[in-house]
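J.: In case you want the letters, here they are:
Protein chains: 2
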Amino acid sequence: MSGKHHVVVLGGGVIGLSVAWLLAREDLAVTVVDAALPGSSSWVAGGMLAPVTEAWPGEDEALALGTRALDRWPCFAAELGAASGRDPGLRTEGTLVVAADAADRADLDRLAAYLAELGREVQRLTARQVREREPALGPAVRGGLSVPGDLSVDNRALLVALRQACRLAGVRSMTGRVGVVRSDGVDLLPDLHTDGPGSSGGPIDADLTVVAAGAFSATVWPALRGILRPVKGEVLRLLPGELSVPPPRHTVRASVGGRPVYLVPRGDGELVLGATQAERGFDTAVRAGAVRELLADAEVVMPGISEYHLVECSSGLRPGTEDNLPLIGEVAPGVVLATGHHRNGMLLAPITADLVLGVIDGRPVDPVVDPARFGLVPEHRSSTVDREAGR
Amino acid sequence: MSGKHHVVVLGGGVIGLSVAWLLAREDLAVTVVDAALPGSSSWVAGGMLAPVTEAWPGEDEALALGTRALDRWPCFAAELGAASGRDPGLRTEGTLVVAADAADRADLDRLAAYLAELGREVQRLTARQVREREPALGPAVRGGLSVPGDLSVDNRALLVALRQACRLAGVRSMTGRVGVVRSDGVDLLPDLHTDGPGSSGGPIDADLTVVAAGAFSATVWPALRGILRPVKGEVLRLLPGELSVPPPRHTVRASVGGRPVYLVPRGDGELVLGATQAERGFDTAVRAGAVRELLADAEVVMPGISEYHLVECSSGLRPGTEDNLPLIGEVAPGVVLATGHHRNGMLLAPITADLVLGVIDGRPVDPVVDPARFGLVPEHRSSTVDREAGR
Chain D
1 MSGKHHVVVL GGGVIGLSVA WLLAREDLAV TVVDAALPGS SSWVAGGMLA
51 PVTEAWPGED EALALGTRAL DRWPCFAAEL GAASGRDPGL RTEGTLVVAA
101 DAADRADLDR LAAYLAELGR EVQRLTARQV REREPALGPA VRGGLSVPGD
151 LSVDNRALLV ALRQACRLAG VRSMTGRVGV VRSDGVDLLP DLHTDGPGSS
201 GGPIDADLTV VAAGAFSATV WPALRGILRP VKGEVLRLLP GELSVPPPRH
251 TVRASVGGRP VYLVPRGDGE LVLGATQAER GFDTAVRAGA VRELLADAEV
301 VMPGISEYHL VECSSGLRPG TEDNLPLIGE VAPGVVLATG HHRNGMLLAP
351 ITADLVLGVI DGRPVDPVVD PARFGLVPEH RSSTVDREAG R
Chain R
392 MSGKHHVVVL GGGVIGLSVA WLLAREDLAV TVVDAALPGS SSWVAGGMLA
442 PVTEAWPGED EALALGTRAL DRWPCFAAEL GAASGRDPGL RTEGTLVVAA
492 DAADRADLDR LAAYLAELGR EVQRLTARQV REREPALGPA VRGGLSVPGD
542 LSVDNRALLV ALRQACRLAG VRSMTGRVGV VRSDGVDLLP DLHTDGPGSS
592 GGPIDADLTV VAAGAFSATV WPALRGILRP VKGEVLRLLP GELSVPPPRH
642 TVRASVGGRP VYLVPRGDGE LVLGATQAER GFDTAVRAGA VRELLADAEV
692 VMPGISEYHL VECSSGLRPG TEDNLPLIGE VAPGVVLATG HHRNGMLLAP
742 ITADLVLGVI DGRPVDPVVD PARFGLVPEH RSSTVDREAG R
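Chains as they are written, first to last, in the working numbering: chain D, 1 to 391; chain R, 392 to 782.
Since the hints were derived computationally from the structure, they do not count as laboratory data. One or more of the hints may lead you astray.
Going by beta-carbon spacing under 10 Å, a handful of chain R positions derived as facing chain D [said to hold, decoys possible]: (1) 464; (2) 629; (3) 633; (4) 636; (5) 678; (6) 682; (7) 683; (8) 686; (9) 689; (10) 697.
Every residue gets a Cβ at the ideal spot worked out from N, C-alpha and C, and that includes glycine.
Just chain D, same shape as in the assembly (with noise of 0.2 Å):
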């Protein structure tokens, strides 16, 4: 690895600028390009960092990887915040799942075996003791899991933080759709035209790309068609008035008439409600029906949510694949994919950046994130590159 080494990182959220952040200490001179298309989830998103209460029996390659990046999230924040010289907002009161109804609280019997049988750190609480831990929880309510290594950060304080060690360390940030990125005169990317503030017009010159555009990536990296898919979700913010009820102290998650719906507390006060899942391809529309339910279901987990101002409406597209893995891994010469992370952008962006890091030095691809499951692979990869090239 040599500091002439140029990275393109194309995708200005939570996973580019972490990818862009460590590279660029690790001296190699890194630029992001952000098209600032509307419905970008890192900006929306409720920001849990939860692979244990996210957990399902079965899906135990996406625990065991959302666990490893949770291990990686302290030390992650801790250096984030001394090098941005803000702080990401990481918050560790843990998260409670509550049970609304008789068979919320049979799902959650599901997930406390599964979990017990993984030996996590879970507690059965009684509706009493849930309600000990949080008052402004409702009637409703009939009991819950304790899950305290369940934390979540401040998506949009973690970016301000992202966005400022970035540039600190020398990271080089457009806006605007990227052009043509080249590496050995080859063209990688060219599709695309150059457009918008701050993009230079013309092409770019770079030894490794990194896609990490998030639900768009296909329109940069087409081959992901059909593979990566825009799952919408649509997000509230709220804030207590002067005689509200004071928000939860955990996260609080819950699944009302089979709908999850989650509540995460913010340090300045604020109370993030989440979130739909729709596949409607890149409509980003707030449907007022999602509005509707998801404060309805907020307010059978906490009534007090009714007299809180509603601040903001808005929704994300998340990266979705398959098997709900994300895709890490090169596929073709000097293309390196970092998306698909679908619900787990925030978890998964420190380790996912690790990851990119490892694929540089030429460790070896976790066979769970590897592009290869899907017919990603380098070789397949350059003959398409070819492909997409002649038309």
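Chain D is already provided as a structure; the job is to place chain R on it using the hints.
T.: Leaving out everything else, chain R in the frame of chain D:
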């Protein structure tokens, strides 16, 4: 009346601008000063021009005033369109009042009987007849009332047209809080300080001051404290998605679970949903519970709304009075009130401008709107001004 007279209108909402435009056309020199405070009800309003469907047995005076006001609208809109070159967005498809349950149907029967007694043009509709007129309405709708004379206006198109008409008529416009308005060397409004861009920073000399600051009128004319109260209303704005059912053609009003809800279509496809009513002082927060209720109630009336895009949640402060009638008339030498329009600012704007002009021309004030009914009379005000000046 002479061209030398200088009128200062405090408030740049629909009342202030309508007054300013009409006075400017009478060759008066007019300055509109708007404080640009959050909570402008003119910008948030649904825009119903609906004296009949707002009517309730016993409120005969409000209905009579509203009817006169509505009669004035077509001519006002045509003149404003011609003067401004902008379509003020008057919509003449009429209003349907629908019943969503048995209790609502009883209310509807009562309203229909009252209106029939007064000889108003209303028509009872069966559930089938309602759905023939508006196919998007849901199965909960059990019948309705057609009120073709109750109209609506696009409040934002109206404000744009009024601002343009004022500009073309030579009205001066300032943003900021006015400090002191002087007449004959007397400080009329000594409580305030001047600030904000566009404000002169010093006292304004005026021959006449019109207080048209809506819910904020008591902050410029302190004698209104205790007479005028802010009544918060939350309003939502939605747009149909590609696959959504089209919005209704009529204004649709209903009461769901005792809560009034209206759906007002705009020419550009927008659908305005309103409105809550809450007395919480000058709080303009959008309550989560209010949004949830409005959406849920509107979905009962028109289920397809759940697929609409929620593009705006906002709130405005209506200027309410004890008898729900406005305050229009002189309250001190050179000070005329034009406020207290509560839910009917759009409807009453043209007639309010006429009445203010009448006051200036020395015509007797309509006792129904005379501020004297609350003890606000010029003699009384003079002494109050002195008292306030001494604080």
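J.: Each hint should be assessed against the structure and marked as holding or not.
T.: Verification of the hints:
1. For residue 464 of chain R, the interface hint is violated, the least distance from its beta-carbon to any beta-carbon of chain D being 30 Å, above 10 Å.
2. Checking residue 629 of chain R against chain D by beta carbon gives a least distance of about 6 Å; that is within 10 Å, so the hint holds.
3. A hinted interface residue such as residue 633 of chain R counts as satisfied when its beta carbon comes closer than 10 Å to some beta carbon of chain D; here the least separation is about 8 Å, so the hint holds.
4. Interface hint status for residue 636 of chain R: violated, as the beta-carbon distance to the closest one in chain D is roughly 12 Å, over 10 Å.
5. For the restraint placing residue 678 of chain R at the interface with chain D, the shortest Cβ-Cβ distance is roughly 6 Å, inside the 10 Å limit, so the hint holds.
6. A cut of 10 Å between beta carbons decides the hint on residue 682 of chain R: the least distance to chain D is about 5 Å, and the hint holds.
7. The beta carbon of residue 683 of chain R comes within 4 Å of a beta carbon in chain D, closer than 10 Å, and the hint placing it at the interface holds.
8. With a least beta-carbon distance of about 4 Å to chain D, the hint placing residue 686 of chain R at the interface is held under the 10 Å criterion.
9. Of the supplied interface hints, the one on residue 689 of chain R holds, with its beta-carbon coming within about 8 Å of a beta-carbon of chain D, less than 10 Å.
10. Below 10 Å, beta-carbon pairs count as interface contacts, and residue 697 of chain R has one with chain D at about 3 Å; its hint therefore holds.
The structure shown violates the earlier hints numbered 1, 4.
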